[in-house]
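**Q** All chains, please: the whole structure from these sequences, using the hints.
Residue numbers (mature numbering (1 follows the signal peptide of the UniProt record, and there is no 0)): -22 to -1, 1 to 290.
Hints listed in this document are in silico derivations from the structure and should not be mistaken for laboratory results. Please note that the accuracy of each hint is not assured.
[What the hints assert, rightly or not] Derived DSBU-like pairs: lysine-lysine, alpha-carbon spacing no greater than 35 Å straight-line: (1) LYS63 with LYS85; (2) LYS142 with LYS63; (3) LYS160 with LYS72; (4) LYS206 with LYS63; (5) LYS175 with LYS90; (6) LYS85 with LYS150; (7) LYS221 with LYS132.
[As the list claims (entries may be wrong)] What follows is a set of in silico ranges between Cβ atoms, one per label pair, in the way DEER data are often shown: (8) ASP141 with ASN259: 39 to 47 Å; (9) LYS201 with ILE110: 46 to 54 Å; (10) LYS28 with LYS85: 22 to 30 Å; (11) GLY196 with HIS32: 32 to 40 Å; (12) LYS68 with LYS201: 37 to 45 Å.
Here the structure is a predicted model, which means the values were calculated and not measured. The beta-carbon is built from N, C-alpha and C at its ideal position, and this holds for glycine as well.
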Amino acid sequence: MFHTYKKIGAALIAMLLIAALAACGNSSDTKGSSEKEETITYKAENGNIKIPKHPKRVVVMADGYYGDFKQLGINVVGAPQNVFKNPYYKGKTKGVTNIGDGTSVEKIIDLKPDLIVVWTTQGADIEKLEKIAPTIAIKYDKLSNIDQFKEFAKMTGTEDKADKWLAEWDKKTAAAKTKVQKAVGSKTISIMQTNGKDIYVFGKDFGRGGSIIYDKLGLKATKLTQEKTINQGPGYASISLEKLPDFAGDYIFMGPWQAGGDDKGVLDSSIWKNLDAVKQNHVYRIDPIGFYFSDPISLEGQLDYITKSLTK
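**A** Here's what the structure looks like:
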């Protein structure tokens, strides 16, 4: 009798275990299915793309957007080499793989991304990338840097984090504006980069701290800078050395086109040396990579540098 009850008990336990495992399996399958269904359709330049509602492994090939995703708390697993040279990202690239210039598809495959972000203008093979993971192509100048940040927040369901940063950003820039305007007054500011003897003057919509200087701090551009880079054009103007005095402001933020770039052709010239800003020691060197970016993280670093430079 004892052996009979023992056999029946063992059989019941086995049946209960099987039922429990089956229930767990069904629960897991349901959960898995639910997670797989968590997608949205995003209208990108390359079409209407189904992407994860909450991406967890993003490869940001469009380097300028790295800081947007990091600020929104989204896990970035791969980014181009420029990201790792940005001084404002110090300590913010841990666990991120350097994908170089982004041409190595194998590197991207190894990262197992669930979302890839590219610019339409960077020559990426979007069709190849789409075979790896959902890929969205973005036109660089379609939105302002802040509007693009908001767009990414909307796309990933992280509007709360974007709103929090934007509120803090408004407070920081308002405080800086009071200090800077007291120091600078109605004097003019220029933002320039050189490439040999070529000179580029920037307005408010092409990075280089322009949105901070001309928008958030409300500082004045020179008349020609206003006309050629803010009121019209792509956000910058290429000028000759001879035209430099016509664009140069009372204060100049200046740097080479790229790290280690040559700007002696301009800085050694008598035209440069005779500018009022140079004579008054009102020229401030900008990091060509740090000021190339215009995401939240880089903007905060730029604001700090600009404010300290103009109020010291």
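**Q** If a hint holds in the structure, say so; if it does not, say that too.
**A** We went through each hint and held it up to the structure:
Taken as a hint, the LYS63 and LYS85 pair is honoured in the structure, with Cα atoms around 19 Å apart against an allowance of 35 Å. For the hint pairing LYS142 with LYS63, the CA-to-CA distance comes to about 27 Å; that is within 35 Å, so the pair holds. This hinted pair does not check out: LYS160 and LYS72 have alpha carbons roughly 40 Å apart, beyond 35 Å. Note on LYS206 and LYS63: the hinted pairing holds, with a Cα-Cα distance of about 31 Å set against a maximum of 35 Å.
For the given pair, LYS175 sits about 44 Å from LYS90 by alpha-carbon distance, which is inconsistent with the 35 Å threshold. About 39 Å separates the Cα atoms of LYS85 and LYS150, which puts this hinted pair outside 35 Å; it is violated. Restraint check for LYS221 and LYS132: the C-alpha separation of about 43 Å exceeds 35 Å, so the hint is violated. Our hint of 39 to 47 Å for ASP141 and ASN259 holds, since their Cβ atoms are close to 41 Å apart.
At about 50 Å, the beta-carbon gap between LYS201 and ILE110 stays in the expected band of 46 to 54 Å. At about 24 Å, the beta-carbon gap between LYS28 and LYS85 stays in the expected band of 22 to 30 Å. Range check, GLY196 to HIS32: about 38 Å between beta-carbon atoms, so the 32 to 40 Å window is met. For the hinted restraint 37 to 45 Å between LYS68 and LYS201, the CB-CB distance of approximately 38 Å keeps it satisfied.
The structure fails to meet hints 3, 5, 6, 7 from the earlier list, while all remaining hints are met.
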